[in-house]
Amino acid sequence: MKCTWCFEEIIVDVNWSTLIPKPPTYLCDTCENKLVKITGQRCMMCSRESKMKLCSDCTYWKEHYKGEDPLTSNYSLFTYNQHMQDMIAKWKYRGDYEVGKAFQSYFSQGFKQKFSKMKNIIAVPIPLSEERLEERRFNQALMLAEALTIPCEEILERDHSEKQSKKTRYQRISSENPFKLKKTINKSVILVDDIYTTGTTIRHAASLFKQVGCEAIYAYTLIRG
Amino acid sequence: MLNTKNPLYSTTDLQELTKRYSGKLLLRQEIDMTQDEFSSAIKHQLFSETPPFKSKSFFYQCQRCGNNKKYYLGTIPCAVCQKNHYYCRKCVEMGRVMTCTPLYIWNGPEANWEMHENPCTWSGELTSVQEKASKRMVEAIQNREKVLLIWAVCGAGKTEMLFPGITEALKMGKRICLATPRADVVRELFPRFKEAFQDVSIQALYGGSPDKAGNAQLILATTHQLIRYQEAFDLMIIDEVDAFPFHMDPSLPFAANRAKKTTSTTIYLTATPRKIHRKLVEQKKIPHVFVPIRYHGFPLPVPTLTLCFSLKKQLKLNQYPTPFLKWYQKRKNPSRQLLIFVSTIDLAQNLKKSHDFQLKVESVHAEDPEREEKVQLFRKKKIDILLTTTILERGVTFPSVDVAVIDASHDVFDEAALVQIAGRAGRNSNDPTGEVVFFHDGKTNAMVQAIRSIQKMNKRGEALK
Chain A
1 MKCTWCFEEI
11 IVDVNWSTLI
21 PKPPTYLCDT
31 CENKLVKITG
41 QRCMMCSRES
51 KMKLCSDCTY
61 WKEHYKGEDP
71 LTSNYSLFTY
81 NQHMQDMIAK
91 WKYRGDYEVG
101 KAFQSYFSQG
111 FKQKFSKMKN
121 IIAVPIPLSE
131 ERLEERRFNQ
141 ALMLAEALTI
151 PCEEILERDH
161 SEKQSKKTRY
171 QRISSENPFK
181 LKKTINKSVI
191 LVDDIYTTGT
201 TIRHAASLFK
211 QVGCEAIYAY
221 TLIRG
Chain B
226 MLNTKNPLYS
236 TTDLQELTKR
246 YSGKLLLRQE
256 IDMTQDEFSS
266 AIKHQLFSET
276 PPFKSKSFFY
286 QCQRCGNNKK
296 YYLGTIPCAV
306 CQKNHYYCRK
316 CVEMGRVMTC
326 TPLYIWNGPE
336 ANWEMHENPC
346 TWSGELTSVQ
356 EKASKRMVEA
366 IQNREKVLLI
376 WAVCGAGKTE
386 MLFPGITEAL
396 KMGKRICLAT
406 PRADVVRELF
416 PRFKEAFQDV
426 SIQALYGGSP
436 DKAGNAQLIL
446 ATTHQLIRYQ
456 EAFDLMIIDE
466 VDAFPFHMDP
476 SLPFAANRAK
486 KTTSTTIYLT
496 ATPRKIHRKL
506 VEQKKIPHVF
516 VPIRYHGFPL
526 PVPTLTLCFS
536 LKKQLKLNQY
546 PTPFLKWYQK
556 RKNPSRQLLI
566 FVSTIDLAQN
576 LKKSHDFQLK
586 VESVHAEDPE
596 REEKVQLFRK
606 KKIDILLTTT
616 ILERGVTFPS
626 VDVAVIDASH
636 DVFDEAALVQ
646 IAGRAGRNSN
656 DPTGEVVFFH
666 DGKTNAMVQA
676 IRSIQKMNKR
686 GEALK
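Chains as they are written, first to last, in my numbering: chain A, 1 to 225; chain B, 226 to 690.
Each hint should be verified, as a subset may be incorrect.
Example chain B residues on the side facing chain A (calculated, C-beta under 7 Å, incomplete) [what the hints assert, rightly or not]:
id	residue
1	TYR296
2	GLY299
3	ILE301
4	CYS303
5	ALA304
6	VAL305
7	VAL317
8	ARG321
9	GLU339
Hint data in this document are derived by calculation from the structure and do not stem from the laboratory.
C-beta atoms are modelled at their ideal positions from N, C-alpha and C, and glycine is treated no differently.
Bound conformation, chain A alone:
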């Protein structure tokens, strides 16, 4: 077994616990340790590491929506450090699909801890526009959503626009809603994406579900940027 990231051989200790079947490991210890999980105090709204209960970003959103924020809360697993940036770049932009498999296992583990008690809920991945999907050939958010134990429905559509990561903060926050709903639902929803940066994308999507009367709209993202 080789590490999905550095291709070094993963040497597994053989002991009695080897007999118990375990999900496969994708990363070697060195690569795994370079990923930093969000621990300790975090913003209860957006998962950012923060001493305050509500971080400055989320205070802004609260004022912006005058208390009617479509997003219930966001939960993220990792911080966006240099190593993570390298991995994301290779996975998303270079298109190395296999890198995502390492994320899938963390993503489903995190889900069990945080969301497992919720019933009657579906996962909705943030889609790519058709053009972008043709270019990349896979949707990284769908890949993450498929790793979860709840049903996953692709009911969002996206218009083609400039990459979010190429825009400035102001452009992102003031941009128009690129999403459309393919059908209406009234269950609770977990929106799934790879990164939560300013929260604009997620809120654009969330506002559509709010309009059709979904109870609670959570976001579950791999990284809090």
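Using the hints, position chain B against chain A.
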């Protein structure tokens, strides 16, 4: 074949395209054309498709980088075809090669490269030994010989030796590639070549190079960049054939082989040939020339060994070994800069912090984002001591340095590496000697062999005088 009467392509346009794409093996996204332009080019058979993977009996082989290792073969559920595809993870950094995206090769007219009358603007002179080697190279090019191995000691002036041969090839209108394993070397060679061949189109290609077109007549490239070429070069010069990535990574010889034309000349350059090449030389199965003496005529500095008793213990505490510090204080020529080789990146970084030399100490390693600048600063003598991993073992020239290897018994320092490291000292005619010391905690074969081979070269060099 394409007719030039076609209104879509004027003669000049076609020449332009030919220069740009002939000899290339590209993915669709690497061809800078709109979809309309591209389909018309396909219709006129300017490009032909080749399958990206070949299935051999037990494995798939990526046709761009030659990889056939199973763990480098990924699968991806393609959202367009709704099918699972293979893709190559080995070369994914240079654009993804997958089963449903063909590779394109140029199928239009052949490129005619300029025949330069007098391309060489270099005014230096070669020593008699260098001249002998370069004459042999010119001969090999004129007679279209297949291979020639040039075995020249570190600091023999290999680059200058190449100039007459390259001049000859340019006169004959050939396309030339100089491939070297390290980007640092490409960066160092580029300005020197530009000065030596001022009127020739030259490009430097390496990961992150500003110019990516790769359509010049003379190309300096890292070996990785060759995976985008097929049947492109008449003269292929492979620098440092023995260097780490080239002899460890089978995809590089694969790419280098494919990048040259069927009738081409390959020149191998090395200071420390690996066993296979040495054997071929001994059995006279490969034509070769030997340059056992440095361009300034002084012998190579012979390394000395110093045993350090608690080396590992001190390194664990991030301290320099005591014998090293003693040697450091008693250097014969303290004005020289000091180049320290260590075995690992962590060690380089930790040692940098550990001791007050009251001098400027820096460390570089492969993943260092500021590596280029630091090497430049060291060359300009703005840094006094440079701690480095093996990345600076070859191809780089510093005028006046002493060299120390700390923990020379480590596996990364094989014979070739140690000879190359020793070759960093005394490269300038103003200061043709330098101290080279290996600090070890147990002699290894590599160290003994390295010293022996240096002494042997010096002897052969002495005999020539």
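Quick rundown of the hints versus the structure:
1. TYR296: The hint holds - TYR296 of chain B has a Cβ within 7 Å of chain A, the shortest such distance being about 5 Å.
2. GLY299: holds, 4 Å
3. ILE301: It holds, given that the least Cβ distance between ILE301 of chain B and chain A is near 4 Å, below 7 Å.
4. CYS303: At 5 Å from the nearest chain A Cβ, CYS303 of chain B passes the 7 Å test, so the hint holds.
5. ALA304: holds, 5 Å
6. VAL305: Constraint on VAL305 of chain B satisfied, holds at 6 Å.
7. VAL317: Since the shortest Cβ distance to chain A is 5 Å, the answer is holds.
8. ARG321: Holds. Min distance 4 Å.
9. GLU339: violated, 37 Å
Consistency note: the structure conflicts with earlier hint 9 alone.
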